[in-house]
Amino acid sequence: MSRWLTISRHDPEFISYLDGSFSRTHRALPVRSLNVDTTTEEVTFQIVPVSEIQRPSFLKVALLAVRAPSLFLSAGPMLATFFYALSRGYEFAPSITLSSFLGVLAFHMAVNLFNDYGDHIKGRDRVRPRGGSRVIQNGWAAAVTLQRAAWVLMAVAALLGIPAIFLSTSTVHPVALIAVLAGLVGLEFAFQKFRLKYRGFAELLAFALTGPLLCVGFGWAMTGLLVPDFALLGCIYGAVTLMYFHSVNFENIMADSQAGVSTWATRLGFDASKRVFNFMAALTIGFTLVFAVSCGRDFVWIVAVIAVGAMMYPLVERVRSVASPLASSLSLLRRNVVWFSCATTLVLIASFIVMAVRGVA
Amino acid sequence: MRKIKIYDQQDFPAYLPKLNNLYDDLFSGGKGFRAALVQKISVPLGLPERTIDLLCQTIEFIHNASLLHDDLVDRSHLRRNKPAAWLKYTPEYAVLAGDYLLARVMVNLSSYGNIRLIQYTSQVISDLLEGEWIQDSLVRDFNITLEQLDRVHNLKTGSLFKWCLRAPFIAIDRNEPELQSLLEESGTILGLLFQRSDDLLDFDVRNYENKAVLGDLKSGYLNSFGVFLTRELPEDRRQAAFKSQSLGELKSIVGEKYFDERVAEFDRMNVSLIELYTHQVKRLEVILGDSLGPAVARELLPLSKPLYWRKKDEA
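Chains as they are written, first to last, in the numbering used here: chain W, 386 to 746; chain C, 15 to 329.
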C-alpha cells in the first residue's frame with residue numbers, strides 16, 4: 386500500500402527521502418511534474434513498499450543504470466584504435482591495453498551513474514522526462530545505491546588506470562595528464578558544478594573526451610607512442626558523440642525550452658536543430674574521408690566511406706521527417722546514433738583487418 | 015449553485031447577426047463544467063458575484079473558442095450532436111468567431127484591471143494553442159508514449175483546469191508561489207483525469223453520453239488509452255489494431271479479455287492519480303488555514319472521481 390508525502394527541501398529528512406536512504410523497505414518516488422514553474426521548495430513523494438515494486442532482474446537493472454548502449458560511445462573508439470594500431474604493426478602491452486580499456490569503461494559507467502544521481506537530487510529528472518536511465522524514478526534502485534556504485538566504479542577505474550600511468554615504458558606523464566583531464570571533464574558531466582552541460586559546452590567537451598583525447602590517450606597507453614592518426618580516428622567518434630548529444634538535446638527541446646534550459650537545440654530552435662544534426666552527420670563522414678585518405682587511397686577505404694555514408698542516410702532521413710518536438714521518431718534517434726557508432730566501428734575494424742591482410746598497411 | 019448566464023446576445027454587436035447565430039448554436043448544450051468549477055472555488059473565497067460572472071464567462075469563452083478552432087483543425091463534423099460551426103458557417107467564420115471570443119476575454123479582463131490575471135490568462139491561451147499545434151503534428155504517430163501525450167494534454171486540457179483553480183485566487187491577490195504551484199499541480203491532475211476519461215469514451219468505456227466511438231483512432235490520432243492498450247502488443251497486432259474501423263474489429267484483434275484487463279489496469283493507474291489529487295487538496299486545505307481551507311477542500315475533494323468515472327453515483 387503506497388502513501389503520499391510532501392516534504393520541504395529545508396526539512397532535515399528531505400535528502401534521505403530523495404536519495405532513498407530513509408528506509409530499507411520502502412522507496413520514495415518523486416512525483417513527476419509537467420509544470421516547469423513548479424516551486425522547487427517542496428517535493429511530493431509516493432512512498433511505495435519495495436515488495437510492491439515490479440523490478441526486472443538485477444542484471445537488467447544494472448545494465449539500464451549504467452546505460453549500457455551508451456558505453457559504446459567510449460568502447461567503439463578504443464576498439465577502433467586497438468585494431469588500427471594492430472593493423473599498423475605497433476607493439477603494445479596487452480595488460481596495459483586491457484586495463485586501460487576496462488578502466489575507461491568503468492569510468493564511463495561511473496559518470497553515467499553520477500549523472501543520474503545528480504539529476505535526481507537536483508530535480509532535473511522531474512521536468513526532463515526522457516533523460517537518464519529511469520532506474521531511480523521507477524524505484525528499481527535507490528539513488529544512494531547508484532551513488533555508491535558510482536564511487537566503486539570510479540575507484541575501479543582509478544585502479545585499472547594505474548598500470549597505464551605507472552607501468553607504461555616511456556610516457557608516464559602525458560597519459561596521466563590525459564587521464565586527469567578526462568577525469569575532470571567526466572566529473573563535471575556527472576556533477577555539473579559549472580553547468581557546462583547546459584551552457585552549450587557539453588557537446589564540445591564530449592567531442593574531445595570521447596574523440597581525439599580518448600583515442601590518443603588510449604593509443605598512447607597501449608603503444609607508448611603519440612600517433613597523429615589516433616587523433617584523426619578520434620575525430621570520427623567525436624563527431625558521432627556530437628550527434629548523440631545533439632539528439633538527446635533535440636529530443637528534450639520542448640521540456641528544456643519550457644524550463645528555460647539552454648542547449649544548442651533550444652537556442653537554435655526546431656528547424657535549425659535539424660540542420661545542425663545534418664551538419665554533424667556531414668562532419669562524421671568528412672572525418673571518415675580524411676582518415677581514409679590519410680590511410681592510403683585504397684579501394685577498401687572507398688568502400689568504407691560509402692558504407693558509413695549509407696549507414697548515415699537513414700539517420701538523416703529520420704531527422705528530416707520529424708514533424709513534432711514530441712514525435713516518437715525523435716525519441717528513437719539517440720539509440721539509432723549508438724547503433725550507427727557500433728556499425729561504423731565494425732566497418733573501420735573490417736577495413737583495418739583487410740588492409741593488414743593485404744599488406745597495404 | 016447560482017445559474018450564471020455565460021452568453022448573452024446583447025454582449026455582442028447586433029450588426030453581426032451571423033456571429034450571434036453562431037454563438038447561439040455554440041453555447042447551447044454545453045455542460046458549463048469549467049464555469050461550475052470556477053464557481054465552486056470562487057464562492058468560498060467570497061468573490062463578488064460580478065467577479066465570479068466574469069471569471070466564468072472568461073473560462074467558457076476560452077474553452078468555446080478552442081472548440082471552434084479544434085473542430086476545424088480536426089475536421090470534426092459534430093459538436094454537441096449538432097453540425098460543427100466550420101461546416102455550418104464556413105471555416106473562415108469559425109476562425110473569426112473563435113478569435114473574437116478570445117479578444118472579448120481580453121477586453122473584459124482588462125476592464126477588471128488585475129494585470130496578473132490578464133498575464134496568466136494570456137499564458138493559458140498560448141499554452142492551449144501550443145497544445146493544439148503539437149497535437150496536430152502527432153497525427154499518425156503510432157509510437158507516441160503516454161508521457162508525451164500527457165505533455166500535450168497538460169497544455170491543451172490541463173491549462174483550462176489550472177486556470178479554473180488559480181484564477182479565483184489571483185483575483186483576490188493570493189499569489190503566493192507555494193499556493194499557486196499547488197493549484198497548478200492539482201489542475202494538471204484534474205486535466206489529465208478528464209482527458210484520460212474522455213479518451214476512454216472513444217473506446218466506448220463508460221460512454222454514458224453516447225459519444226461517437228473510435229473517432230480518434232480513425233482520424234489517425236492515438237489517444238492515451240489507445241497507447242496504453244496497444245503498447246505491449248506484438249508489432250503485427252499493433253499495426254492491425256491501428257487500422258481497425260470498428261470497436262468490434264479492434265477487440266477481436268487485441269482480444270476481448272485483454273481489452274478489459276487493460277481498461278482495469280488503466281483505471282488502477284488513474285486511481286493512483288486520484289489519490290495524488292486528494293493528497294494535494296489536503297495540503298491546500300492546510301495552506302489555506304481554518305478560515306478558507308475546509309470550505310475549499312470540501313468543494314475540490316469530490317471532483318476527481320466524477321471527472322474520471324463520469325457518473326456521480328460511481329464516485
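Take the hints with a grain of salt, since some may be wrong.
[Said to hold, decoys possible] Straight-line Cα separation of at most 20 Å, SDA-like style, residue types lysine to any residue; simulated pairs:
| id | chain 1 | residue 1 | chain 2 | residue 2 |
| --- | --- | --- | --- | --- |
| 1 | W | K659 | C | D155 |
| 2 | C | K45 | C | E313 |
| 3 | C | K45 | C | K296 |
| 4 | C | K296 | W | K507 |
| 5 | C | K257 | C | L247 |
| 6 | W | K445 | C | E246 |
| 7 | C | K296 | W | K659 |
| 8 | C | K257 | W | K659 |
| 9 | C | K296 | W | S393 |
| 10 | C | K19 | C | A50 |
| 11 | W | K659 | C | L247 |
| 12 | C | K257 | C | R154 |
| 13 | C | K296 | W | E426 |
| 14 | C | K271 | C | S286 |
| 15 | C | K319 | C | A278 |
| 16 | C | K232 | C | L92 |
| 17 | C | K296 | W | I392 |
| 18 | C | K54 | C | S305 |
| 19 | C | K319 | C | D164 |
| 20 | C | K296 | W | V416 |
| 21 | C | K296 | W | P415 |
| 22 | W | K659 | W | A735 |
| 23 | C | K296 | W | R720 |
| 24 | C | K296 | W | K445 |
| 25 | C | K96 | C | K271 |
| 26 | C | K319 | W | W389 |
| 27 | C | K296 | W | D404 |
| 28 | W | K507 | W | K659 |
| 29 | W | K507 | C | L92 |
| 30 | W | K659 | C | S151 |
No lab work stands behind these hints: they were computed from the structure.
- [ ] Could you work out which earlier hints the structure fails to respect and list their numbers in ascending sequence?
- [x] 3, 4, 7, 8, 11, 14, 22, 23, 24, 25, 27, 28, 29
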